[in-house]
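Undergrad: Residue-level listing of the chains:
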Amino acid sequence: MNRLTTWFSAGLLALSLALAAPVHAQQPLKIGFGMSLTGPLAGNGKAALIAMQIWAEDVNAKGGILGRKVELVYYDDQTNPSTVPSIYNKLLDVDKVDLLVSGYGTNVIAPAMPIVMQRNMAFMGLFGLNVNSKFNYDRYFQIMPAGPEPAIGWTQGFFDTAMALAPKPQTIALVGADAEYPALALEGARAQAKRTGLKVVYDKTYPPNTVDFSPILRAIQATNPDLVFVASYPPDSAGMVRAANEVGLKTRMFGGGMVGPQFAALKTQLGPLLNGIVNYETFAPDVAGKFPFLDQFLAKYQGRAVKEGVDPLGFYLPPYAYAMMQVLEQSIKAVGALDQAKLADYMHTYEFDTFVGKVRFAKNGEWAVPRMLTVQYHGIAGNDLEQWMKPGHVTVLAPASYKTGAIMAPYHDNKK
Amino acid sequence: MEFPTALVLNAIIAGLLLGGFYAAVSVGISISFGMLDVVNIAHPAFIILGSYVAYIVNERMGLDPIAVSVVLSPLFFVLGLLLYRIYYLCFEKRGQESLRGLAFFFGILFITEVALVLIFGVDYRMVQTAYSETTWRLGPVDFPMRLVVPFLVSVTMVVGVQLFLTHTFFGRAVLAVAQDQLALRLMGVNPTRVKGLAFALSIATAGVAGAFLIVIQPVQPALGREYIGLVFAVCVLGGMGSIWGTLLGAFVLGIAESFTSTFFGPSWAPAVSFGLLLAALAFKPSGLLGR
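Residue numbers (my numbering), protein chains in the order written: chain A, 1 to 416; chain B, 417 to 707.
Chain B with its partners taken away, still in its complex shape (with noise of 0.2 Å):
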């Protein structure tokens, strides 16, 4: 096996660019699965709802897509807050979350592939920009930019979540949230608030990688069914709630799945990335970066 330095240099350049893009998908799952404890199963599906936002302010405006999910993700983010009040009061108030809040995201993927199948129909959707068919060639390394913009929106995105989390009082009030939610009571805190905004911030994210994703590839409703295994196993292999373990867990499975592709197969990729999720539960059962 012979591994010329074009071929891993470009090999390592897709791995990052498509981690970035993973990150992005990954993040809100790391935030409501992994600091809330909402298995928000449904996640994949407002990724493809962004989606579908994007593509149709592109298609009538021609505005870009990613432009447009940042401007938007304010309706993504009221749309998580009512989504979190409904699966409150009907579900985790009545301590009722576990099985049926499973059951109810489940129920809100479904309806909300059937909305999108009714409105937009079943034909892939794919959406046109100005650097769509660039490429930047540095020496033997491309750089294409249909995966180059939304890894530098991606990464700025998940910095900007890390450090709205780590340095505002409603960030850290989410990671107390996560350890302590009796003690944040004590303190005087409504902790069913905290989960409702950090919630509705997942759900802002799944809108603005969506955008990312039809930038990337055609999109059909159905399509955040092949999502769901992969947002998770990004979330847990990070490190459960840890952002930065989130960004790292996207590079370590993106870089391994382009690099099983260029030198053993692409269809070895899901088992090399998978088998790298079996040994790190393996070696940190807590994940790359979780405590």
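Isolated chain A (complex conformation) (with noise of 0.2 Å):
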């Protein structure tokens, strides 16, 4: 009788761990980070949102990876990077994700590093600029494409071209919102002044919540600085663009850094305001030419991205955040595993293919080759969104291999 029990107990084991090896293998795939959609980053964090369950949508239909169902599991960080440590380590202990990625911006990007560093997980960034500078993580990966000195990679294009006007430029005034990005940008801009011999005569940050930008703008104005570079999050350059207007900024290049433009909330709400500035943007109609396979995204997220109040044009942030999502879906398929140092083994040596181009990554982890648009708008008139779908009102100054025209200086008489 025992020996009877033993057997049959023996059985109802094989057969419960039979039965449970497929029910494991069905257990979702989670992926997960924290995002902006609350706060001033809202927007942009949507739209990366957006992107990001799109990818999930299109690996599920085709059977997920490894077998698995692929899950986001992801919280509001409201833009605020104090919330990012709690999030993170919920993530990990809680929901107890398989895979982490970032949120979007250098602000809550860097307070998850510590925390990913501690638990040593493969960690994508989504547009953060050189965080790593400060944490030299060897699984940290960034799909921005700033280059490997990311911080002089991100100014290089405005930079270039300055030095390209004839005749040189001497002076540049350089400003910048009190916050991470900003500072960032604002030191590489100083390494290239310094590189490129240019005198800063103006170099100041302002708080925040700044309401009117025409006295910063006319304190700069009256150092008569041949450039301004201006490092500012979407407000304050919609406050910048319109009091640089308002106090009739003379200066041969004006932009650089700001985050805004690129966005179709400010295009169409600054409409004809842009025409003469140089900025930085990820894409262009212009250049659709170089990005062959990005229709197929834009098609899906044009749609939805309306009916959710967000970026309707999609060009500067949703096209990077699937191809985040891209690079870990073909790391994870090459190595065939979950194990974090063979991920970041795998990405560190081979190229990928996304929906915007091949990447490499540098032994820092961000893009082997720097890839930043500087661009320029002109020609805008009105502010309708359609004239932004269209060639025509971008030129691609930089870098080289992108290049669909020449700079047209000094700003103030390419204003209108």
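Just so you know, nobody snuck in bad clues.
Footprint (simulated), chain A over chain B, 3 or more residues, beta carbon under 8 Å:
| id | region |
| --- | --- |
| 1 | 422-430 |
| 2 | 534-545 |
| 3 | 553-563 |
| 4 | 624-635 |
| 5 | 669-679 |
Sample of chain A residues facing chain B (criterion: CB under 10 Å; computed from the structure):
| id | residue |
| --- | --- |
| 6 | P208 |
| 7 | V211 |
| 8 | P234 |
| 9 | T268 |
Keep in mind that the hints were calculated from the coordinates and are not lab data. Cβ atoms here follow ideal geometry from the backbone N, Cα and C, with glycine treated the same way.
Dock chain to chain to rebuild the complex, using the hints, since each chain is given by itself in its own frame.
TA: Following this line, the structure appears as structure tokens:
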């Protein structure tokens, strides 16, 4: 009888194990992140989230990864860096996610880094500027195409374009918000000014809740700079552009590191006021031929974005959010496991095919070759969105392989 | 350090224009917090609500946002009446207005934000007006209409509120509520009704200030939080419950901010503004025009 019971128990155990194995295999593959769904950068955060959800749907429609459906586990970080550590701890300890990626922007990527490093997780970052320069984490990767020296690469196009002007500019004014990204962008701009021998005649920051920017621009104008480099967030960028128009700013180049003109909201609201401004973009319809597969993504994204009330163009951030997930997907499939060290090794070693083109990472996890587009807006009339969807209003000035035309300088003669 | 005349004049004008806007966003707090002792920390959320109302009418019908906000201010007045009724019944009547009332207004702040997110999304919104891109130049001084129009309407509104409070029976009743509710009750006036109407007036001013805000800068649902410190600072600097004080305090902070930004760097502006507030409190604790 005892022997019979033993055999029966063993049989039950074997049966339960056999049944449990497929159940485990069906557990979703959880990818966790915080995302700015409210707060000042929520417009960008929500647009990125839509792109990541489209990716998850695309992957799941093809059967998932490693036979498991993908599940995105995310929380609203409120564009507030202080919420980020608790979100990532919860993702790891409570939600037990398999992989981590970052939310949008330098301000929320930096506070996630210590936790990610403690747990030895591979970590894909979404548009953080030069975050790894302080951490030197060998499992950090950044999808923003700023290049292996991000602070320099971010501003390279602006300065290269400026130094090609005749006669060569002599002076520059630097201004930016008191926040993580503008501080790093200004750091890069100072290094560029030093490299190119430009004299810095104004170098100040402003508090993020500044309402009127005209006193700042008048102070800049009083120094009579040849170039004005601005590192700002969306509401400040709008304030800067309006104030430049109101005070009649006279300078040869104006812009550089303004976040905001990349999105439909500011493109349509500022309209002709953007004419003459030199700034960065990650995509423009004028170079659509260099992004052959992006149409597939944008077709899916744009319909959904309109319904959700976020950036209906989706040129700037969403394609890269999707590409970030493609890198992760291709790495997991190639490695065949979720081993964080092997994933990081693979990402360091191989090139990835994504909707934003081929991506290869440098040793510090940044793009091996910079590809930020430096552009100048021109010929914009009125405030309709349609004109931004077609080529003709954005001249790509750098990098050379993407160049579509020459700069029109000075800024004040090309404002209209 | 040099102070060229053109820069000084522009700094003063820009400061006055900015101060006019600050007065509009703060006058409601001066009424609710300064006179009625209602710590309406949700006031900036109603400013943002005013921005979105102006935005939606401007976008759909092309009407001027500030004119729209003035016309629709009775709606905000009614909203204020309802809000005060809830606050009174749930907290003030039970003597729980201090801490729980504060929590109530915090809740209203978040609910308003979430409602705006759900209805309008999280993207920045801005309006187009006939004067947004126009700047008048008088010699070396610039007058950007984007700031001049809100300034003029704001000063008119604040002066109007002051005249209303000092030259009408109801206005005097509001001032009496601020001083001695019991005495008012003994004279046969219901202080709760007076407070309700005065609170509603404060919310109506927030609606109009919201239209100024969206004319001046892009707005998103959570922007109001950035104005919490400012509105209370202007109210305290000017003197609790003093409308003229609110106007003066707003001009002082506006000019301080503009002057500091022009000559010493914008990052010093908050330190100078709040340094002035501390100095005023140290030498005149009741505020510039407070009693």
